[in-house]
Amino acid sequence: MKTLIKNGTLVNPRGKSGEWDVLLEDGVVKALLPRGSEAEAGEVVDARGLHVMPGFIDMHVHLREPGFEYKEDIASGTLAAAHGGFTAVACMPNTSPVNDNKVVTRYILDRAKEAGHARVYPIAAVTKGLLGEEMTPMGGLLAAGAVAFSDDGRPVESAQRMRLALEYAKNFGALIISHCEDLSMAGEGAMNEGEVSAILGIKGISRAAEEVMLARELILAEALDCRVHIAHISTALGVELLRQAKARGVKATGETCPHYFSATDEWCKGYDANAKMNPPLRTARDVEAIKQGLADGTLDCIVTDHAPHAAWEKESGFLTAPNGIIGLETAYSLGITNLVEPGVLTYGQLVEHMSCRPAEVLGVPGGVIEEGAAADITLADPKASVVYTQANNHSKSANSPFFGKRLKGRVVRTILGGKMTAQNL
Amino acid sequence: MQFQHKNLLGLQGLTKEEITGILDVAETMLPVVESKDKRLPLLQGKTVVTLFYENSTRTRTSFELAAKYLGATVSNIVASTSSVQKGESLKDTGKTLDQMGTDAIVIRHPMSGAAHKLAEYVNASVLNAGDGLNEHPTQALLDMLAMRTRFGRIEGLKVAIVGDVLHSRVARSNLWGLTTMGASVTFAGPTTLLPEAFQKYGATVTNDVREAVTGADVVMALRIQRERQKAGLIPSVGEYARFFGINEEVLKLAKPGCVVMHPGPMNRNVEIDNATADASHSLVERQVHCGVAVRMAVLSLLVGGNSK
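Sequences listed follow chains A and B, in order.
The first sequence begins at 1 in the working numbering and counts up by one.
The second sequence begins at 1001 in the working numbering and counts up by one.
Calculated from the structure, these hints are not laboratory results.
On a predicted model such as this, the values are computed, not experimentally measured, just so you know.
Straight-line alpha carbon distances no greater than 25 Å define the calculated DSS-like cross-link-like pairs of lysine-lysine that follow: (1) A:K269 / B:K1091; (2) A:K269 / B:K1200; (3) B:K1095 / A:K269; (4) A:K269 / B:K1016; (5) A:K203 / B:K1091.
If you want the footprint, here are the derived chain B segments under chain A, 3+ residues with CB under 8 Å: (6) 1110-1123; (7) 1127-1133.
The following label-pair restraints were derived from C-beta to C-beta distances: (8) A:Q160 / B:K1016: 57 to 63 Å; (9) A:K383 / B:E1088: 47 to 53 Å; (10) B:R1268 / A:L164: 51 to 57 Å; (11) B:G1257 / A:E266: 38 to 44 Å; (12) B:E1088 / A:G270: 22 to 28 Å; (13) A:E266 / B:G1182: 23 to 29 Å.
Glycine is no exception: its CB is placed at the ideal position from the N, C-alpha and C atoms.
Could you build the full structure based on these sequences and the hints that come with them?
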């Protein structure tokens, strides 16, 4: 069957942009046609006023299955992804059991295929059981379908273990994603250490807890001449360290999350556990630096770190509540609201960070609408203004500090392999 | 006096008039505490539950006696003997107490923000008797009552608060209370125990105890817990006492007529010298006395007859 997406504006930084109609056939892009071209198609999508973009790719989500299905499962998480404009997600291995073996990797892929809402790329653990000790069988995991390695949620504490993992990963050209956190410094901290933690009486986490390990990873990547990807960068110095490393030619890449350019530790006032995450929300100065890092390309990717938790877990109190927030269905809107509208990024740059660069960093297809490419396409209205409510939420969990906020930009339709996976009316 | 709040979660956000109003009522309670017949039936027919997730003898007893002097029915829940140990959440515990007809819940909890969370879930008035490192409002109120009965005022007093400020909910409540009342507050202690950010909120912060004490009307020592040594925040309690302890030598720098306070329990010869703790200028015992009056005042304002 053929589908014609017409009258839209292509925002497609790695291909043709502007007034093009897109003809899809058999799950792939058949042709880009000048707007108004007559083409036969069984289905016509009128994209007047909409941006037509390569499907978003989120290289950092927690789908919680297997093991924590009360928070989220692969079907619900990927449905939320589709509604947020994502056609692919890479899921972290801190499930139960941990994705440190090919049985779990294959299980995730099978469940994702059954659900059919998005492409799912499993990220396997760097160390068995996420314990920071024995390395996982990286070659076998890659063969089973893993796309990268991370102990996300925890750092690989030992510098020597990390050094060996980075070195071993080179055998396969595999990517290691580092969750940077010096646990001895983070201690019992529950939010950013600073003026707000001082008056809330909450133990703070020094920004240095993130930065010292971030610096370690960059030094290791430089010394070993290997790749490393820094997860969820939240601080100004973190951005600057990555910027300097890239300037020296270190093969490092980095990501940040919408909450790090949309919210600060002020949001913890009132002890709302939906403002609790790891790394913690920082300060206005950090938000500015994150925006600058996205604008100049120091930060490669915007990822959601979608981390569903049940209401009762978040309600238990600020100190005992688990870290993290859901984010798949607010990412695009927060990008438009806080990056494009204030002039930090162009529409094209936002697509770079949400689709093109994640595809490159992970080494997966996508990130461009061109003839022959898979028909993974996101349609959005960048001018729409909507209040984010539970009605827009397709995750099993509802732990977000953005409920009730008026946001600019709305994903309208998501197409995966030529088939519509979500429509927001 | 009308107190327009359902709960007392902290002194942050209260106005000078509101704090003055509480202290005025508390002052009228002092004679009740001192009389032979300790009965003022403002809370007759009301139920007060103390819900303590942390050990505390003096604060719990002070609240219990305050409620009883006012004629309330009082029930004490200690976490070690309650459903808390069975993993019941704060929310469920609060709702259960609500259904039993509780008018006020006095809560102490090791987690900052616990009282605020409980208040979101229950209809009863919530009185914060200490939440983690955050606030201990009745302690700061009793400190202020002790100061006011001694000096006749709070405004313009120079107050030095010395010790483990970082981990002290007493320090935070006094920061809000004393600055709102117009006192000049200086916090002092070693860098590892002193949040510099307090400067942003109207206080002075220094690592030099002598500087803090110089010209002070009130010197308050805060408890140094021995765990701080184990966590590496101070090398030893001995070194702490030598450089940051309050003793008669340091107090020579204070204003004549200066008083010494401590929220208790004291570590003698650590944050406060043995002789200083018992000296005539020590207000430590007076503080405990004022504590009952302040808690009577707060309970009567929050759950007494005409407030609801």
